[in-house]
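Undergrad: Respectively, the protein sequence lines represent chains A and B.
Everything in the first sequence is counted per my numbering, starting at 1 for the first residue and increasing by one.
Everything in the second sequence is counted per my numbering, starting at 1 for the first residue and increasing by one.
For the record, the hints were derived by calculation from the structure and aren't laboratory data.
In this text, a Cβ means the ideal position worked out from N, Cα and C, and glycines have one as well.
You may find that some hints are simply not true.
[Unchecked claim] Computed Cβ-Cβ distance ranges for the label pairs, DEER-style: (1) B:Gln186 - A:Asp116: 52 to 60 Å; (2) A:Ile244 - B:Arg393: 42 to 50 Å; (3) B:Glu259 - A:Pro97: 31 to 39 Å; (4) B:Gln320 - A:Met1: 50 to 58 Å; (5) A:Asp61 - B:Glu394: 41 to 49 Å.
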Amino acid sequence: MSKYFGGCDVGSTYTKCVILNEKGEMVANTTIRSKINSEQSSRLALEQTIAQVPELKSVEDLDYLIGTGYGRNKVPSADENISEISCHAMGVHVTNPQVKAIIDIGGQDVKGISIDTDGTVKNFAMNDKCAAGTGRFYEAMANAFEMSLPEFSKLSLSAKNVIPITAQCTVFAESEVITLVGEGKPMDEIAAGIQLAVAKRCFVMAKKAGATDSITLTGGCAKNDGLKKAIEHVLKLKVIDLDIDPQLMGALGAAEYARQKGLAKG
Amino acid sequence: MKDLKHLIYFESLLEDAHNELVRQAIDSGGLALGYTCYHMPEVLLNVDRCFSLRLRAPRTGSMDIATYYMSNYTCEFCRALLERAIEGGYNFLSALMAVDACAEMNRCAENIEVQKLVPNEKFFVTHIDIPYKVTDYTIRHYTTQVRVHVLDRLKEVYGVDVSDEALRKAVEEHNEVCRILTEIGQLRKADNPVITGYEYHILNLVSYCCPKALILPKLRETLEELRTREPDEKPRFRARVILVGSEVDDPDFTQLIEEAGALIVADRHCFGSFPGRQEILLNDEEDVLTQICRDYLVTSQCPRYMSQEKIDGRRQFAAQLAKEYKADGVIYEQIKFCDYWGFERPIASQIMHTEFGYPVLSVDRPYMSRSSGQLRTRMQAFVESLEIKKIQREREAEKA
């Protein structure tokens, strides 16, 4: 039987799972909404991913499995866990080795990561407990607009002007947005202001991590085109699009580490 | 490694400022003198029947009332102490020995004084002025401050014997604690040390937070135990780090770092052993008090001193520790809103990397940080990067 290697990224909002073959090709992947219980989330994601590979019957059939994300130590049968910072760097490196920096916007944190030539982390910066500028922040804002996240992103792209949002805190920003909407300000310009507020936060993380050029976005929020545009505006750089779903980068990096370690183990 | 015999007991002593040994000392007529900063010479608070207690606020929860008095944008350590005082957690103190070293701690001490938070009849709060330069003149000023505001007050209010003979006796006891902790600290230089950073932090903390005379027998026993303790056959840590920064009295924080795989081999922070656990060597020629005061002022590594010479000295000191203790990296930490470390940390963490070549993790953190998932992730990622760099260095060496 061929050898397969798994990476499971248990995030606060979504759980992602990737399986690689010996050559490092992605043969299966899954993204599911995280449950309150990390173990349950990872079990479910692993089951769904394993079902996509006919040769695999259970998680024990994987030659090496690595957990990552905030629930990384709850992945059943994992051989070890690695921080999502290292995994995102590796995931992006194997997807596009030209990329030298990442802004990862997850459900509850924002990270700036610079990547070394071998895919390891050169430097990184991360936000603290506060949820400002994270996926949770977007969910709260989209809720205030009574829209889905893709609708919200599309709306922000149509704005000709930007109304800056002064509050960084999710709770205060939501209240500021409601006030602006109540004052009859254009919705698209408020939405663009929200994107700019998050982009500014990303700017700080990217600079702290030492990002200079060839940057990409990972995490669920990377699919938000409005944010991408705002980040390009503040960083004065073109954000590189990845060929693989950017939300999978953590799980892909974990799987790649699993592949390297599994093959070294023999 | 086999568990240290007294570790659980030491941990229990750190669960409350008013711990078993403090109660025992007070019951025997001891005077509990609270203090919060290295600039209040600890050794002088152990004169005669007094004993020093470096204040902590273990198990801090809400800091709502302290935040009301001190605002959100002040150091959480200061607010946690005030909150604990408001809760009645320091009602056993005979005096609070405050220093005018940082404005935020000053506000905390003033609140304790003005709000009369400690109901003991003779309780008093005293403040001493700390100079910003270390010269003969400022040492004289500092010595006078200590004599007038600390020793004279203790004599006047509680009839404490503050003679030179009593001071020398206190220094002797202090030096024994320092000798024990220094010898234990030296063990951390080994490639596979017989003590973890967490265990050392616990030992050091109890030496700050318990009456010296009562904790000494247990420290002596622990030293004996460590002399023959066998290390783990295979070291469980993936990297060695030194911890540099502001106040760390939370052993859970050091445990969080070590759970991520980094062994803390030296501690250069408030409540750490560098400085604080080095002997004070007295001569017979000069006045005892002046010698003690000079020692504290000269050895302070606090970033409140802003002369270039002092700034450079602090970086050199951290680099020297990293070299001596064979650290792979340095963690610079600060409690959020600490004025001095807010400047020191970002700059020093850059310079330690660019000029001294050490990988650095720079974090600001809340007073109690055990539950921070983000902090845990940062620590783990740092350890992973140190480990990879180590592997790469080994590979390059093999090739060469």
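Undergrad: Could you run down the list of hints and mark each one as holding or not?
TA: Here's how the hints hold up against the structure:
Restraint check, glutamine 186 of chain B to aspartate 116 of chain A: a C-beta distance of roughly 36 Å breaks the suggested window 52 to 60 Å. Range check, isoleucine 244 of chain A to arginine 393 of chain B: about 32 Å between beta-carbon atoms, so the 42 to 50 Å window is missed. Checked against the given bound of 31 to 39 Å, the beta carbons of glutamate 259 of chain B and proline 97 of chain A, roughly 33 Å apart, stay inside it. For glutamine 320 of chain B paired with methionine 1 of chain A, a C-beta distance near 55 Å keeps the hint of 50 to 58 Å intact.
Taking 41 to 49 Å as the suggested C-beta distance range, the pair aspartate 61 of chain A and glutamate 394 of chain B does not conform, at roughly 33 Å.
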